[in-house]
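Visitor: Next come the chains, spelled out residue by residue.
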Amino acid sequence: GQNIDQPTEMTATEGAIVQINCTYQTSGFNGLFWYQQHAGEAPTFLSYNVLDGLEEKGRFSSFLSRSKGYSYLLLKELQMKDSASYLCAVRVSTYNTDKLIFGTGTRLQVFP
Amino acid sequence: DAGITQSPRYKITETGRQVTLMCHQTWSHSYMFWYRQDLGHGLRLIYYSAAADITDKGEVPDGYVVSRSKTENFPLTLESATRSQTSVYFCASRLAGGLETQYFGPGTRLLVL
Chain A
1 GQNIDQPTEM TATEGAIVQI NCTYQTSGFN GLFWYQQHAG EAPTFLSYNV
51 LDGLEEKGRF SSFLSRSKGY SYLLLKELQM KDSASYLCAV RVSTYNTDKL
101 IFGTGTRLQV FP
Chain B
1 DAGITQSPRY KITETGRQVT LMCHQTWSHS YMFWYRQDLG HGLRLIYYSA
51 AADITDKGEV PDGYVVSRSK TENFPLTLES ATRSQTSVYF CASRLAGGLE
101 TQYFGPGTRL LVL
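Respectively, the protein sequence lines represent chains A and B.
Counting along the first sequence from 1, when you hit position 55 you're at 55 in this note's numbering, and nothing is skipped either side.
Counting along the second sequence from 1, when you hit position 42 you're at 42 in this note's numbering, and nothing is skipped either side.
Chain A extracted, bound-state conformation (with noise of 0.2 Å):
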């Protein structure tokens, strides 16, 4: 089966840096995906890794580890408009489908 697990929720301090972990157990695994959701709003694309290492876009980094099973999502120098959830999702691509799975999401919350 798939398994997405990722912390339910998190806190930290404006400023501050808070990597947010993801690990999974899928088949079939074509990359992972992370999304920003705020609160009543559609998810919004963050970062996208298919190879090993660190992806890195402005304050926002995000690491994979394929052999691990393991993925990672790094957000320095916090704003307070960096509470939100975040969602890792795995793509499963076999000969039939192409599909993202999601985890439950991690709901950051920053305190001034």
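Hints in this document: simulated from the structure, not taken from any laboratory.
Heads up, the beta-carbon is just placed ideally off N, CA and C, and yes, glycines get one too.
You may find that some hints are simply not true.
Okay, the calculated beta carbon distance ranges per label pair [said to hold, decoys possible]:
hint, chain 1, residue 1, chain 2, residue 2, range
1, B, T13, A, T97, 30 to 36 Å
2, B, G97, A, G40, 38 to 44 Å
3, A, F111, B, K57, 40 to 46 Å
4, B, Q18, A, S93, 32 to 38 Å
5, B, S67, A, T11, 42 to 48 Å
6, A, I17, B, I54, 42 to 48 Å
Over 12 Å on every C-beta distance to chain A, these chain B residues come out as not near it, computed from the model [as the list claims (entries may be wrong)]:
hint, residue
7, K11
8, E14
9, G16
10, R17
11, Q18
12, S28
13, D62
14, R94
Since the structure of chain A is provided, determine the placement of chain B on it from the hints.
Guide: Chain B only, in chain A's frame:
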């Protein structure tokens, strides 16, 4: 550029009624998806479509029907609504291809009484 839209944005219905949620995208994306989002479950895939007239089941398809006669539209029908189908429904679309991300519509909040 309208992108991806959903209608209605809010809907209240009663148990046993048929409800159709609409999804429309203007990008000519080949793939379209329907998810439901519930507390404690995250986003769960209901149905998806790789192209017009091609649809496939996701994780939680029971009680739902989809069709895709045109590339830009992907309606989701609850044939006989149940209280357990109270949820937020998101439609998404993307191009075919390995590096393409999904773009989500604004969501439809459905309450079944």
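Visitor: Check each numbered hint from earlier against the structure, then list the numbers of those it violates in ascending order.
Guide: The structure conflicts with hints 2 and 14, although it agrees with all the remaining ones.
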